[in-house]
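Undergrad: If you read the sequences in order, they're chains A and B. Following the working numbering, the numbering of the first sequence begins with 66 at its first residue and continues without gaps. Following the working numbering, the numbering of the second sequence begins with 538 at its first residue and continues without gaps.
Think of the hints as simulated: they come from the structure by calculation, not from any bench. One or more hints might be untrue.
[As the list claims (entries may be wrong)] Now the stretches of chain B that chain A is said to cover, found in silico as 3 or more residues with beta-carbon under 8 Å:
| hint | segment |
| --- | --- |
| 1 | 692-703 |
| 2 | 764-770 |
[Said to hold, decoys possible] In silico BS3-like pairs for lysine-lysine, Cα to Cα no more than 25 Å straight-line:
| hint | chain 1 | residue 1 | chain 2 | residue 2 |
| --- | --- | --- | --- | --- |
| 3 | B | K928 | A | K124 |
| 4 | B | K784 | B | K621 |
| 5 | B | K662 | B | K710 |
| 6 | B | K928 | B | K880 |
| 7 | A | K124 | B | K662 |
Everything numeric in this text was worked out from a predicted model, so none of it was measured. From the three backbone atoms N, C-alpha and C, an ideal C-beta is built for every residue, glycine too.
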Amino acid sequence: MSSIAPGRPGSMSTRMLAAPRVRRPSRLLWVFLLLLGLAPPAYLLQTGGALTTGYEIQKLERERTVWLNRNQQLEVEIARAQSLAWVEHEAVQRLGMQRPPQTVVVRVDTPVPARSEARLLRRGGEPMPAVPIEDGPSWVDALDVIGTALGLGD
Amino acid sequence: MPSGSGTFRARIFLLGALFLGCAFLLVYRLYEFQWLEREKYREQATRNYQRTIEVAAQRGSIFDTNGNPLAVTIQLDAVSITGKELKEPKRAEQTAVTLGALLGMPAVDVFKLIDPERDAPVTVKDQLPAAVADQIRDAIDDGALPGVTIEPRPVRQYPEGPLASAILGFLGKDRDGLAGLEWYFENELAGAPGLIETEVDTTDKEIILARRIVRPPHDGNDLILTIDRWVQRMLERELAEAVRANKAIGGVAMVMDPSTGAILGMTSYPTYTTADPMVFKEREEALHKAVPVTNQYEPGSVMKLVTMASALDLGLVTPNTIVNDSGVVTFQNGRGRPPTTIKNWDFRANGPISTTEVLIRSSNVGTYQVAQKLGPGELYKFFDLFGFGQKTGVELPGEVSGTVRTPDDPAWSVVDLATNAFGQGIAVTPLQMLNAIATIGNDGVMMRPTIVKEMDGPDGAHRKEPQPVRRVISVDAARTLREMMVAVYEQPALIPNRIPGVRVAGKTGTADSPTDLGYNTRSTVASIVALMPADKPKLAILIRLDAPEAMYGGTAAAPVLKRVGSELAAYYRISASTNGH
C-alpha cells in the first residue's frame, strides 16, 4: 500500500503542472503561413493566366491582321473587276458588244449629274461605300406624311 | 601514431587549401563576370532575350481624280521553309510532300530548297492565293508542316492593269520607287517604319507580355491625281492605234484643263507596263521615263500660234493684217557660205494674205513677216513668257527645259528668228507646248501644270490649289487668236476631221526631223493642238506622231484628234450648248 505524502508547495507534481506549456501557434500565424504557402501558386496562376491571355490576344491580333489583309485583297479584286479594262473585256467577250463605228451626239436638256467620288480603297484598309448613300426620306418622315394625310398632324 | 596523425593533418590542410583555392577561383570568376565584364555579359544576355521588330509602314496608294485606285499596296502571304529545323531527312521529305501538295508544286522542287545547314528561312512561294494560304496556316497549326512559316508581305498592285504605267512608275525589289510618281514622291508615299521591342524565351518564342512599342509606324500619304482613268485609257488606246495605223515610230497624246493646269491624261508610245512582274528591263531603259516631260522635239507650225499671239498682244497685227507671202526668203550667210533659203511647206507663194490666212495656210514666209514686226527682242521675250526654255515644275521626274537659242548666243543669227518663229531650230517638250496652248485657252493666264490634285495622309488631306504662273497675253489677244484657230480648224482641208457638235480651235504642225547631217525631210514630227470648246475651252489637247507615213499634221495627227476629241466631247458632255452658241 502506498501512500502519497501530502504535497508541499514546489513539489514535483506542482512543478510538472507549472512547467512551460508548448504554446500553440496563434491563428494569425496560421493565416500568415497559409498566405505564404498560397502566394507562389497564386503568382504562377496569375502569370500563367496573363500569359495565356497575352497569347490569346496575339492569336486574335494575327487573325485580325489576316482578315484585314483579306479585306484589302478583296477590295483590290473589286477594283480590278470595276477597272475599265475588265469592263471592256466582259462587254466584248461575254456580252458580245462592239465599239460603235460613230458617236451620235443627242442633245438632252437635263442637268448633268455630278460624278460621285467612288474611292474604294482608303487608308488603313477600311472599306468605304462605293456608292454614296443618298439621304432619302426616313421612316419617321414617311409616318409624318401618312399622319398628315390622315389628318393626325398638328 | 603521431606521424600518421601528422600526415592526416597535412592531407586535411592540403584538401582545405585546394577547396579554398577553388573557392577563391570561383569567387574571382564571379567577380569577373559580375563586375569586371558586366557590360559585355549584360549586352550578350540582352541580345539573347531581346528582339527588335521593324513594323513596315503602309505605302500610300495612288488614285485617279475620281478616287479609282491605280496603285495600291496589299499584304499577300508568302511561305518560307527553314532547313535547320528539318535536319531529319524523313521529316524534311514529309514536309516537302505536304507543302508541295498544298502549293501545287512538285515535292522535289520543295525538297531542293531545304538546306539542313541553313537557319535563315527560304521563300518557297509568294503572293499566295488566300485559300492556299489558309490551308497552309491550318497545316502549320496542326503541326503537319514543321519548319514552315507563312507571313504576309507587301505587294504593289495595279487594279487598272498597265494603265498610266509611265506616269505611275514602279518599285524595286526593296520596295523603293524607281520611276515616275513612285520615285518622285518616294518620301511621301513610303512613310516611316515603326519599331517594337520584345523578349523571347529559350525556344526563341516571343513572350507576348514583354512587347513594347518604341515607335509606331507612320503610314505613307495617298496621292490623288488629276488624271482621269477614262481619259487616260482612251488616250492610250487611240495613240497606240494611231501609231500602228500611221506606221509611226512613236507618239504622244495629252489632255489638260486650261483653267487649272490639271493634266487629265498623258501618254506616250511605245511605253512599258507595270503589269509585268519584271517591269525593269535594261534594253527598255529609255522607256522608263515620262516622255512628255523628258523628251524635246521641234514643234513645227504649231509654234506659229505663239508668234501670232505675241504680235496680237503687242497690237502689231490683227486677224486681218495683210502680209506679203512671196513663197521664199533668202538670207545671206556671209562671204564663202551658201545663203539660207526659207520656203513654205508646199513651196507655193501665197501672195498678200491676212494673218488669219497665214495660220490657215501655215505659211512659213508669212510667219517670218510677223516675226520681223516683233523683232528678236519681243519674240524671245514672249517665248520666255510662254515658258519655253524653262521647266514647267510638274511633279514628274526628269523634266527638261527644252532648247531655245536666243540672240545672246554667239551662234544665233537672223535665220534663227525666222525658223524659230515657225517652230524649227527650237526644241520644246510636249508639256511645254500644251501648256502654251492652254494659256491661250485660259484667256492668256498661264497655270502651273500639275498631275497631283491632293495628298491624303495620316496628318490630314492637303489639296493642291491651281497655281496661276503669270499673265502672258491679254484676254483680247487670247480670244482673237482662238477665233483665228477656229478658222484654221474649220478650213476645207480639215472638214473630214471636224468633231461633230463642237466648235474647236486648232492648229496642225509638221516639223522635219533634225539629224546630225541636217534636217531629214522624209521623216517628220506630225502634231496637232486644239482647244475645245473654242469659246470657253475646257480642254487643251496635243497629239504628236513621230515619223508617220502620212507625214503631215493635217493628214496624220488630225484624224487622231477627231477620234480623241469626239470621245472627250461625249465624256465631258461638251456640246453646242457649252460652246456659248
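Undergrad: Does each hint fit the structure? Answer for all of them.
TA: Checked hints:
{"no.": "1", "hint": "692-703", "verdict": "holds (count 5)"}
{"no.": "2", "hint": "764-770", "verdict": "holds (count 3)"}
{"no.": "3", "hint": "K928/B / K124/A", "verdict": "54 Å, violated"}
{"no.": "4", "hint": "K784/B / K621/B", "verdict": "59 Å, violated"}
{"no.": "5", "hint": "K662/B / K710/B", "verdict": "15 Å, holds"}
{"no.": "6", "hint": "K928/B / K880/B", "verdict": "32 Å, violated"}
{"no.": "7", "hint": "K124/A / K662/B", "verdict": "24 Å, holds"}
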